[in-house]
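J.: So the chains spell out like this:
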Amino acid sequence: MARELNTGAAINEAIAIAMRSDPNVILMGEDVAGGGDRSKEGTEEMGGVLGTTRGLVGEFGMNRVRDTPIAEMGLIGTAVGAAATGLRPVAELMFMDFLGTSLDPLLNQAAKLRYMFGGKVKVPLTVRTVSGAGMQAAAQHSQSLYWMTTGIPGLKTVVPSSPADAKGLLLASIRDDDPVIFCEPKGILNQVGEVPEGDYEIPLGEANLVREGSDVSLVAFGATVAIAMKAAEALEGAGTSAEVLDLRTLSPLDEVAILTSLEKTGRMVIIDESTPRCSIARDIAAICVDKGFDFLNAPVKCVTAPHTPVPFSAVLEKAFLPSAQDVLDAVGEMG
Amino acid sequence: MARELNTGAAINEAIAIAMRSDPNVILMGEDVAGGGDRSKEGTEEMGGVLGTTRGLVGEFGMNRVRDTPIAEMGLIGTAVGAAATGLRPVAELMFMDFLGTSLDPLLNQAAKLRYMFGGKVKVPLTVRTVSGAGMQAAAQHSQSLYWMTTGIPGLKTVVPSSPADAKGLLLASIRDDDPVIFCEPKGILNQVGEVPEGDYEIPLGEANLVREGSDVSLVAFGATVAIAMKAAEALEGAGTSAEVLDLRTLSPLDEVAILTSLEKTGRMVIIDESTPRCSIARDIAAICVDKGFDFLNAPVKCVTAPHTPVPFSAVLEKAFLPSAQDVLDAVGEMG
Amino acid sequence: MGQMDLSRETLIEVYRKMRTIRGFEENLQNLVAAGKIGGFMHLYAGEEAIAVGVCSQLSDADLVGSTHRGHGHCIAKGVDVKAMMAELFGRATGTNKGKGGSMHIADVDKGMLGANGIVGGGIPLVTGAALTAQVLGKDNVAVGFFGDGATNQGQFHESLTMAANWKLPVLYVCENNGFGEFTPTEFVVPVKDIVERARSYSMRAVIADGMDFFDVYEKAGEAIELARKGEGPTLLECKTYRFYGHYVGDPTPYRNKEEAEDWIQNRDPLDIFETKATEAGVMKSDDFRTVDGEVEILLREAVEEAEAAPMPEAADVLTDVYVRY
Amino acid sequence: MGQMDLSRETLIEVYRKMRTIRGFEENLQNLVAAGKIGGFMHLYAGEEAIAVGVCSQLSDADLVGSTHRGHGHCIAKGVDVKAMMAELFGRATGTNKGKGGSMHIADVDKGMLGANGIVGGGIPLVTGAALTAQVLGKDNVAVGFFGDGATNQGQFHESLTMAANWKLPVLYVCENNGFGEFTPTEFVVPVKDIVERARSYSMRAVIADGMDFFDVYEKAGEAIELARKGEGPTLLECKTYRFYGHYVGDPTPYRNKEEAEDWIQNRDPLDIFETKATEAGVMKSDDFRTVDGEVEILLREAVEEAEAAPMPEAADVLTDVYVRY
Ligand SMILES: Cc1ncc(C[n+]2csc(CCOP(=O)(O)OP(=O)(O)O)c2C)c(N)n1
Ligand SMILES: Cc1ncc(C[n+]2csc(CCOP(=O)(O)OP(=O)(O)O)c2C)c(N)n1
Ligand SMILES: [Mg+2]
Ligand SMILES: [Mg+2]
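Chains as they are written, first to last, in my numbering: chain A, 35 to 369; chain B, 35 to 369; chain C, 270 to 594; chain D, 270 to 594.
Some hints could be false.
Stated by the list, open to error - Just so you have them, the derived chain D footprint on chain B, three or more residues with Cβ under 8 Å:
id, segment
1, 97–110
2, 173–187
Stated by the list, open to error - Once the Cα atoms are required to be at most 27 Å apart in a straight line, the calculated DSSO-like pairs of lysine-lysine come out as:
id, chain 1, residue 1, chain 2, residue 2
3, D, K498, C, K461
4, D, K305, B, K352
5, A, K325, B, K154
6, D, K351, A, K156
7, D, K461, D, K526
8, C, K461, B, K156
9, B, K325, A, K298
10, A, K352, C, K351
11, D, K351, A, K154
12, B, K156, C, K407
13, D, K379, D, K436
14, B, K352, D, K351
15, C, K461, B, K154
16, A, K154, B, K352
FYI, nobody ran anything at the bench for these hints, they're computed from the structure.
Think of the CB as a built atom: it goes at the ideal place given N, C-alpha and C, for glycine as much as any other residue.
For reference, chain A alone in the conformation it holds in the complex (with noise of 0.2 Å):
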């Protein structure tokens, strides 16, 4: 029978292969090791605050698997300068929010060391971060900035969708030689699902066809994949057959798909869990507006957030997000 795991123990095993298989991987971050007892290396330790590193620093010890002071911009550029000099590390930055207080040497560093220095330097890291709402988290732990960093030249991003995928792109992402930003999105962080055992890698920039349908385009990643999938579900009762595409990485952005996409299907609907302004999916209408003008058959939909903060109440947060319902709505629209 096909193993199951939950996201976070996917994204552990990635990580695991990826310290066994290069001597050069780190892990760092705040409470990653998990603080307790130093003199019992590996024992009793919590794993970071949502357990996803739990073991690690048993099996690599303390020289490779660090806690870090609360401090992401030390923890951070203390990352980029370890992997400009030799380092693959795998950094934690505990939620996407804390990029206020980490941006600097993402922005300015990581993703313009390897130009500013006429390629004469690359930056081998990977940035593990939890994004999105659903866990009344509330407006400084729950945004979805993915939108932020797939903006900076230089910098790669990537949301897994599900166990499996999640494993395989963060392999990929690891041993990337470019600085990676990948999500973990709260939406499908308790997601259980097959995942092959072994080391394997998801390529970057490549999109993953999850449905393939003839009416509408469905374009999703992370946590909004689920939503599309039921969408489509309800739109097939309806006699509307719709086809999900799964971006898994933002950028590089698999544009070829989306076009060929929406060439089959002449109609999109992009479903973002990220506030509208300057949004994925935005910039994905904006390609499909130029480059696939001639296979427009209808406005292109965004499904997003609205342009607000994150609120609390589980209502509020429920009204925020977007729903399958909302995608019916955008299809409906659509005429």
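Here the structure of chain A is known, so what remains is to put chains B, C and D with the ligands in place on it, guided by the hints.
T.: Frame of chain A, contents of chains B, C and D with the ligands only:
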């Protein structure tokens, strides 16, 4: 004869007027007073690294014009706290690239306090910052990151295109009760133009139709307005009537003006000196292909910089920045 | 200040605040475990003497900035307990209309600038509040609470630098509870006492016993007075311990069981307060038990009323972003 | 270390480096004024003894991070002067193929991790370089140069905290030149000596006379040795002065004329070096004048060759962003 000022002087005048008319307005930033001998208040000061705030400490004194340490997180965060408790600070972030070292108080505090507190506080903060390329200031001093602030719900973002607009928009920004990021594009800082005397505001959220036309809409803002005007003239020579819309404010965005122009011409080029992914240009193109679908007679074209950091060499920087020729090419490609 | 200069009435109110905080947190521990309240929840139990020791010397005009562990500061600053509970239940009647929750609970009318989900994020905010007071020539002060872990944040360093340069009327209160999440302070903070860090700003610094209301009261009082007189900021380090884990549900495998037991059994700030106030002959056992009963009723009502209160309307998600749209 | 333990050959090379830096900057002052070179340009003249005093004890495997005022560190670390000049002229033959310019000039093969346009931005980078050495068990060290103003940055505070916790093999060199842009250090840095700030990290700290090569050499040498031996980081404060303004074109109205004159006339690091090396009888006047002549020729050639070198192709704007596209 009408009085002419450059943009820097117009901004200086706006700050002085705002400070005279409201004792709660203060100015703070690195070297905004300008170093020098504190015993001779108001003398010999430099007034900001580009001289924009020269002389203000002389009129308003060191209680209201404050040099801060080189500590953007503290400087902007303190300004947010001051704004939430009764002042109306004008904080200078020397270059917009320094969002890297100042994002948190903007992203997680200024933008969200009002919402998180259920509407019970306001943050009337203005952050003035120099954006854009064109001075060979290279990758860390040339970014046009207004897409980043536009993407954050709760912040407003303003980008003037002329000295007169800079003055009126800055006065409106300072008096606005929400946090405003006020960009001062390098490309217009030394531009000279007629500037009305006295106190006037240009409302936020309203675009300015700077040239009427019927065949194609050129949407621009900040330093790209001049590019659009140049392209419009060239197009006129070739028998194409171009309309030029200056957005003035990126958030809130004047969608009505954009869609009205698109309805009129059926064709649109958006000119944006930032990089393409998740840019203002693409944001607007997405709005067009959703709400303006029925008006579209051609692909919507985005003329932006490439997806790269900003290079140093003059040759490369020129290749990086959008030009009037790029606009003509885009119009040509539309067919 | 002699510790028993405080009147019986004052001490009763002090105890009421501490007891309310403790009871509030105990209720939450259960409500979260029962799945009635969602979100991330960090409890203040064990640290009551600090919030109350400091805030009992502040007026509504004095501004306080807090942390992710903010309920205690809110209650100590006089925020309505029922509205707080309603907030945690995500109700429209909450302090923040249900939009904030535990990590953003706030009431600016009471001078409470909010809990803060960003470690260190409240520090520049109170520095700014102090700047407002200084620019406008008012005599109110600002107080920033934060943990030992937060002192590693750049925002701490930059804010204290500014406050020192400008001699701002602000009190920085570090609640050193020995841990940042699961990591012991000594693994990540490279000084023995946090007060050492004040040297980087030539700032006045004092250590207080964070489990002893009277010690905190006295030392905070001096600092607040100096700040009001324009003598600049102080860093006050209060040694303390959190009685629960980092968040509700934290199994705390990382902490030494005996050490935890010792703090909880022998250094409970409520017990210490009761002993001292009783020994000084100012309060009697009955006084305490009366307050205990009153607080219990208040909190029971708070929970019942919160549960019965209306949820926000879904449409409210769109309001309160901007003042002017 | 006795200062004259260094051989004549070594001292000649030291002087050559210092003279090259000075000449390089004097050339730039003119070239920028003449409009031949664009961009923001910050000159290192006056601070030569620091870069050379430190870097002359480093190998190519030791990594250096620099600032916006980075030419001196590059030259001291052995970066090719002609390629540097070509870079400033924006040529394809430059160290960075014309993509970086003055604020990003770099040569990782020489262990130079780049000038840095972000004040404080280089500090975490070198901390990371030291982490690499420690994780891999290598004995190389990292050195971060930064100004007095940069010590107010959160990145300084956070990086030093990490280095202290982990005892990283790194030397932090603060070039205290009395100003951050136009603002005197004492207006914005709330400590008398920057070394005070090391207490916040329980870090070893030493003050050196930044105008005296021998003092810097000795104190940096000790710190580097300790770092190599695994004894952790040092903060070395070098008192210095910049002979030109903050940037080329800065009229420096903010600085005290007499004070500036005094530094420039009486405390020139090249003069001090010449006096000491001559008095010790190790070098002769001729040695100096010979080097002066050689450096002048080198720099003249550097400028000529840079002016003659090809510009990058416009298409190059698109390359070198990613390793894999
Ligand atoms: C900028 C930031 N980094 C990390 C976190 C995650 N986090 C929340 S509380 C906490 C520990 C804070 O420790 P301390 O400052 O000592 O406060 P305590 O919880 O002990 O009261 C951390 C790391 C956060 N909320 N914000
Ligand atoms: C993060 C950041 N803030 C501000 C600036 C603008 N700036 C460039 S150099 C400088 C002064 C730096 O002072 P100091 O660290 O003392 O170095 P010095 O110039 O004196 O060598 C400033 C404020 C910058 N480049 N980066
Ligand atoms: Mg703590
Ligand atoms: Mg300096």
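J.: Decide, hint by hint, whether the structure agrees.
T.: Tested hints:
With a threshold of 8 Å between beta carbons, the proposed coverage of the segment 97–110 of chain B by chain D holds, since 7 of its residues qualify and at least three are required. Under a criterion of three residues with beta carbons nearer than 8 Å to beta carbons of chain D, the stated coverage of the segment 173–187 of chain B is upheld, 3 such residues being counted. Between K498 (chain D) and K461 (chain C) the alpha-carbon distance is near 24 Å, which keeps this suggested pair within the 27 Å criterion. Proximity of K305 (chain D) to K352 (chain B) is assessed by CA-CA distance (about 17 Å); at most 27 Å being required, the pair is judged to hold.
Between K325 (chain A) and K154 (chain B) the alpha-carbon distance is near 46 Å, which puts this suggested pair outside the 27 Å criterion. Taking the CA atoms of K351 (chain D) and K156 (chain A), the gap is about 24 Å. The hint holds against a cut of 27 Å. Among the hinted pairs, K461 (chain D) with K526 (chain D) is consistent with the structure: their alpha-carbon atoms are about 22 Å apart, no more than 27 Å. Our distance criterion of 27 Å between C-alpha atoms is broken by K461 (chain C) and K156 (chain B), whose separation comes to about 40 Å.
Between K325 (chain B) and K298 (chain A), the direct Cα distance comes to roughly 23 Å. Compliance with the 27 Å bound is thereby established for this hinted pair. Taking the CA atoms of K352 (chain A) and K351 (chain C), the gap is near 25 Å; set against the 27 Å cutoff, the hint holds. A threshold of 27 Å between alpha carbons decides the hint, and for K351 (chain D) with K154 (chain A) the separation of about 18 Å falls inside it, so the pair holds. Between the alpha carbons of K156 (chain B) and K407 (chain C) the distance comes to roughly 20 Å, so the proposed pair stays at or under 27 Å and holds.
Proposed proximity of K379 (chain D) and K436 (chain D) is supported: the alpha carbons are some 25 Å apart, at most 27 Å. For the suggested pair K352 (chain B) and K351 (chain D), the alpha carbons sit about 25 Å apart, so the restraint of at most 27 Å is met. With a C-alpha separation of about 40 Å, the suggested pair K461 (chain C) and K154 (chain B) falls outside the 27 Å cut-off, and the hint is violated. A threshold of 27 Å between alpha carbons decides the hint, and for K154 (chain A) with K352 (chain B) the separation of about 23 Å falls inside it, so the pair holds.
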